[in-house]
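Colleague: Per the working numbering, the sequence shown starts with residue 1, numbered consecutively.
Just to be clear, a hint being listed does not mean it is correct.
Stated by the list, open to error - Simulated restraints, written as ranges between beta carbons of each label pair:
1) Glu73 x Glu43: 41 to 51 Å
2) Gly232 x Tyr26: 38 to 48 Å
3) Lys253 x Val46: 38 to 48 Å
4) Asp233 x Lys208: 55 to 65 Å
5) Ser176 x His120: 35 to 45 Å
6) Lys19 x Gln218: 12 to 22 Å
7) Ala229 x Arg77: 19 to 29 Å
8) Ala229 x Met24: 23 to 33 Å
9) Asp233 x Leu193: 18 to 28 Å
10) Arg29 x Lys253: 12 to 22 Å
11) Tyr182 x Ser148: 43 to 53 Å
12) Glu73 x Asn226: 37 to 47 Å
To be verified - In silico BS3-like pairs for lysine-lysine, Cα to Cα no more than 25 Å straight-line:
13) Lys255 x Lys19
14) Lys50 x Lys40
15) Lys164 x Lys154
16) Lys206 x Lys61
17) Lys40 x Lys108
18) Lys175 x Lys95
19) Lys212 x Lys225
20) Lys108 x Lys95
21) Lys40 x Lys175
22) Lys95 x Lys164
23) Lys61 x Lys196
24) Lys212 x Lys61
25) Lys253 x Lys237
26) Lys212 x Lys50
27) Lys105 x Lys95
28) Lys108 x Lys19
29) Lys142 x Lys154
30) Lys164 x Lys50
31) Lys154 x Lys144
32) Lys89 x Lys164
33) Lys50 x Lys61
34) Lys175 x Lys164
35) Lys175 x Lys105
36) Lys212 x Lys89
Keep in mind that the hints were calculated from the coordinates and are not lab data.
Just so you know, these numbers come straight off a predicted model, no measurement behind them.
Even glycine gets a Cβ: it sits at the ideal position worked out from N, Cα and C.
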Amino acid sequence: MAIRDSPRSASLDRVKWRKVYAAMGYLLRTQQAQIQFLLKDRELLVDRIKLEHERWVSMVKFSQDQTAQMERELNVRDLQSEVEAEEWKVILGLKERDAYMLRDKLEKTTDELQGLRECHGILSSKCSEAEGVSDKKNEKEKNKSLMSELRRLKLENQQLSANKDSEISRLVREKSFIWNQYNTLENRMNEQLRVKCDQLDTANEKVKLLLKDNEELQTACNDLKNQMANMGDVLVKRNGEIARLSRELQMFKDKSVPATPMLQRCSTRSGNSLRETTTNGMKRKGVKPAVTVSMNPTASEKGNENSKRKRMDDTPKLFSSSFKIPKLKTPASQVG
């Protein structure tokens, strides 16, 4: 019975090692599937980060273009307001020049009128002092002509004064209107400039936020790349360790497989020799073979145990001393 236990134990060892190898293979396949899933997830995340980066870059470019366009519009409007202000200044200068010329003309006309009045007084005094130089009729006619001339000059002076006053009042009204228009235009342009400045500040804030988000995305992408690189290093190490374990397991299998047939041959050979010796002893001496059979299996069993112990000592240690082979439940058919 001990002779049959050694191949059975070898077969049980092979079954156990096959199950260990199957468990390792399942673990390897599971890790490989997890790695493939992580790689796919990484590719998806990288594509998403690229899309987000491109979107942020396009938004930043659009904001910069919009900001530049707003700055150009502000510059154009500033130039337009400056041109309009210069035009109003030129118009105001022309009106002030006209008013000055009219004032000068009024002053000259007033001086002429004063001279005419003085001449009229002198002529009147001379006419009153003249004695009999001419007839009374001629004197009256001269007085009438002088009076008519004086009235005409007064009317012209009054008309000229009225015209100048109306012209001056018109110029003053135009000046006040121009100043009102200029102030209104200046206020409107200042309001538009303030609104555009607010819009520009808002656009700059958006650009800053976009740049900040872009930097955060870039940092996250770099961290993800570092994590993927670390995972790749760990994967390489695990693959190397798995390859080493697979080689050691294959070496152990290569060494353990030819040992089993040798044990079977030895057991068969020993069984045949035992049968031959027992039959010969029974033929020669007529003794029952029970004692011989009971002794020889013990020696063969000891030889098998010694050879098995030597093989176990010669095989390379695949696992450490603390490793324990799991206890597996074998079916009844294998045990029998």
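Colleague: Compare the structure with each hint and give your call.
Modeller: For each hint, the structure was consulted:
1. In this structure the hint that Glu73 and Glu43 lie 41 to 51 Å apart at CB holds, the actual value being about 45 Å.
2. Evaluation of the 38 to 48 Å hint for Gly232 and Tyr26 yields a failure: the beta carbon distance comes to about 23 Å.
3. The hinted range of 38 to 48 Å is satisfied by Lys253 and Val46, whose Cβ atoms lie roughly 42 Å apart.
4. Asp233 and Lys208 have their C-beta atoms about 38 Å apart, which leaves the hinted 55 to 65 Å range violated.
5. For the pair Ser176 and His120, the supplied restraint of 35 to 45 Å holds, since their beta-carbon distance comes to about 40 Å.
6. As the Cβ distance of Lys19 to Gln218 is approximately 49 Å, the hint placing it in 12 to 22 Å is violated.
7. Checked against the hint of 19 to 29 Å, the pair Ala229 and Arg77 fails, with Cβ atoms roughly 54 Å apart.
8. For the pair Ala229 and Met24, the supplied restraint of 23 to 33 Å holds, since their beta-carbon distance comes to about 27 Å.
9. The given range of 18 to 28 Å is broken by Asp233 and Leu193, whose C-beta atoms sit roughly 59 Å from each other.
10. For Arg29 and Lys253, the Cβ-Cβ distance of about 19 Å falls inside the hinted range of 12 to 22 Å, so the restraint holds.
11. Hint check: Tyr182 to Ser148, Cβ distance near 50 Å, so the stated range 43 to 53 Å holds.
12. Between Glu73 and Asn226 the CB atoms are about 46 Å apart, so this pair conforms to the stated range of 37 to 47 Å.
13. Pair hint Lys255 plus Lys19 holds up; C-alpha atoms about 18 Å apart against a cutoff of 25 Å.
14. For a cut-off of 25 Å, the pair hint linking Lys50 to Lys40 stands: about 15 Å separates their Cα positions.
15. Pair hint Lys164 plus Lys154 holds up; C-alpha atoms about 15 Å apart against a cutoff of 25 Å.
16. Distance restraint check for Lys206 and Lys61: the Cα-Cα separation of roughly 12 Å lies within the 25 Å cut-off, and the hinted pair is therefore satisfied.
17. This hinted pair does not check out: Lys40 and Lys108 have alpha carbons roughly 101 Å apart, beyond 25 Å.
18. The straight-line distance between the Cα atoms of Lys175 and Lys95 is roughly 8 Å, inside the 25 Å bound, and the hint therefore holds.
19. Distance restraint check for Lys212 and Lys225: the Cα-Cα separation of roughly 20 Å lies within the 25 Å cut-off, and the hinted pair is therefore satisfied.
20. At most 25 Å may separate the alpha-carbon atoms for a hinted pair to count; Lys108 and Lys95 meet this at roughly 20 Å.
21. Distance restraint check for Lys40 and Lys175: the Cα-Cα separation of roughly 79 Å exceeds the 25 Å cut-off, and the hinted pair is therefore not satisfied.
22. A hinted pair counts as satisfied when its Cα atoms are at most 25 Å apart, and Lys95 with Lys164 qualifies at roughly 14 Å.
23. A threshold of 25 Å between alpha carbons decides the hint, and for Lys61 with Lys196 the separation of about 19 Å falls inside it, so the pair holds.
24. Between Lys212 and Lys61 the alpha-carbon distance is near 15 Å, which keeps this suggested pair within the 25 Å criterion.
25. Among the hinted pairs, Lys253 with Lys237 is consistent with the structure: their alpha-carbon atoms are about 24 Å apart, no more than 25 Å.
26. Simply put, Lys212 and Lys50 have alpha-carbon atoms about 16 Å apart, close enough for the 25 Å limit, and the pair holds.
27. About 15 Å separates the Cα atoms of Lys105 and Lys95, which keeps this hinted pair within 25 Å; it holds.
28. About 131 Å separates the Cα atoms of Lys108 and Lys19, which puts this hinted pair outside 25 Å; it is violated.
29. Between Lys142 and Lys154 the CA atoms are separated by roughly 18 Å; this keeps the pair inside 25 Å, and the hint holds.
30. Between the alpha carbons of Lys164 and Lys50 the distance comes to roughly 80 Å, so the proposed pair goes past 25 Å and is violated.
31. With a C-alpha separation of about 15 Å, the suggested pairing of Lys154 with Lys144 holds against the 25 Å cut-off.
32. Restraint check: the Cα-Cα separation between Lys89 and Lys164 comes to about 23 Å, which is no more than 25 Å; the hinted pair holds.
33. With a C-alpha separation of about 16 Å, the suggested pairing of Lys50 with Lys61 holds against the 25 Å cut-off.
34. At roughly 16 Å between alpha-carbon atoms, Lys175 and Lys164 fall within 25 Å of each other, so this suggested pair holds.
35. Proposed proximity of Lys175 and Lys105 is supported: the alpha carbons are some 20 Å apart, at most 25 Å.
36. Annotation: proposed proximity of Lys212 to Lys89 is violated, straight-line Cα distance about 48 Å (limit 25 Å).
Checked against the numbered hints listed earlier, the structure breaks hints 2, 4, 6, 7, 9, 17, 21, 28, 30, 36; every other hint is satisfied.
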